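Could you build all of it, start to finish, from the sequences and the hints given here?
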Amino acid sequence: GAVVSQHPSRVICKSGTSVKIECRSLDFQATTMFWYRQFPKQSLMLMATSNEGSKATYEQGVEKDKFLINHASLTLSTLTVTSAHPEDSSFYICSARSTEFGSPLHFGNGTRLTVT
Amino acid sequence: GQQVMQIPQYQHVQEGEDFTTYCNSSTTLSNIQWYKQRPGGHPVFLIQLVKSGEVKKQKRLTFQFGEAKKNSSLHITATQTTDVGTYFCAGDWGGKLIFGQGTELSVKP
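In order, the protein sequence lines correspond to chains A and B. Using our numbering, you'd call the opening residue of the first sequence number 1 and step up by one each time. Using our numbering, you'd call the opening residue of the second sequence number 1 and step up by one each time.
What the hints contain is simulated information worked out from the structure, not anything from laboratory work. Keep in mind the model is a prediction, meaning the values are calculated, not measured. By construction, the Cβ of each residue, glycine as well, lies at the ideal position given by its N, Cα and C atoms. Hints may be right or wrong, so weigh each one.
Said to hold, decoys possible - Beyond 12 Å from chain B on every Cβ pair, some chain A residues (computed):
| hint | residue |
| --- | --- |
| 1 | Ser15 |
| 2 | Thr17 |
| 3 | Gln42 |
| 4 | Leu68 |
| 5 | Asn70 |
| 6 | His85 |
| 7 | Pro86 |
| 8 | Gly108 |
| 9 | Gly110 |
| 10 | Arg112 |
As the list claims (entries may be wrong) - Simulated pairs of lysine-lysine, DSSO-like, Cα-Cα distance not exceeding 27 Å:
| hint | chain 1 | residue 1 | chain 2 | residue 2 |
| --- | --- | --- | --- | --- |
| 11 | B | Lys96 | B | Lys108 |
| 12 | A | Lys20 | B | Lys59 |
| 13 | B | Lys70 | A | Lys41 |
Put into structure tokens, the structure is as follows:
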């Protein structure tokens, strides 16, 4: 089945630093990838839609200058958390779907970010 | 905006009992999808419902999509400890999936 690889799985960084998370679709091309954030015991909140070759579309309340998204190829999207603060500590999950309409999302394994 | 309400938030059952979680959308969905997330894991796709009134079964799991394509349910018959996890519905709005709050299922052996 379709596989989405996300790296790193865990990262601890100091407040004020930036962290980059990579999301790759391994066996299919993804013109669109989605970035979600999940706080403990909560649902997945869509942060932004990453579009290959164009600007990402951010959900209301998500700071685009803080969460930089780049979708440079059909198999790779990156999320950079800039100037991270402790409140940015969360579980970040990327997902991708094939170009077929209504196809399910395939999720990466997620990145546990801890900002100290 | 798009929103999917899911209840209950938690469900504790004895092994062998049945379990049901419900989702409601304020607007008509093109399709609804169900995912399961085990503790510490990532969501895993279970099924997609597209047609009005559709019913699909996967072994002990039964998924329904309402006639108006605004609500859905997941029913598990005779729960087992392996069913433990959080079940999410997700409404599809033009390719964008919005998740419900999830129902956390715990099963007591």
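Hint check results:
The beta carbon of A:Ser15 is kept farther than 12 Å from every beta carbon of chain B, the shortest such distance being approximately 25 Å. A:Thr17, annotated as away from the interface, keeps every beta carbon of chain B farther than 12 Å; the closest lies near 25 Å. Distance check on A:Gln42: its Cβ comes as close as 8 Å (rounded) to a Cβ of chain B, failing to clear the 12 Å threshold; non-interface status is violated. At roughly 20 Å from the closest C-beta of chain B, the C-beta of A:Leu68 stays outside 12 Å, upholding its exclusion from the interface.
Every Cβ of chain B is farther than 12 Å from the Cβ of A:Asn70; the closest lies at roughly 19 Å, confirming the non-interface assignment. Here A:His85 stays apart from chain B, with its beta-carbon at least about 24 Å from theirs, past the 12 Å limit. Every beta carbon of chain B lies more than 12 Å from that of A:Pro86, the smallest distance being close to 21 Å; the non-interface claim holds. At the 12 Å boundary, the C-beta of A:Gly108 falls inside the reach of chain B, the nearest C-beta of that chain being 7 Å off.
For A:Gly110, the requirement that its beta carbon stay farther than 12 Å from each beta carbon of chain B is not met, with the minimum near 5 Å. Under the 12 Å C-beta cut-off, the non-interface status given to A:Arg112 relative to chain B is violated; the minimum distance is some 9 Å. Restraint check for B:Lys96 and B:Lys108: not satisfied, since their Cα atoms lie roughly 36 Å apart, outside the 27 Å limit. At roughly 41 Å between alpha-carbon atoms, A:Lys20 and B:Lys59 are farther apart than 27 Å, so this suggested pair is violated.
The hinted pair formed by B:Lys70 and A:Lys41 meets the criterion: a straight-line CA distance of about 25 Å does not exceed 27 Å.
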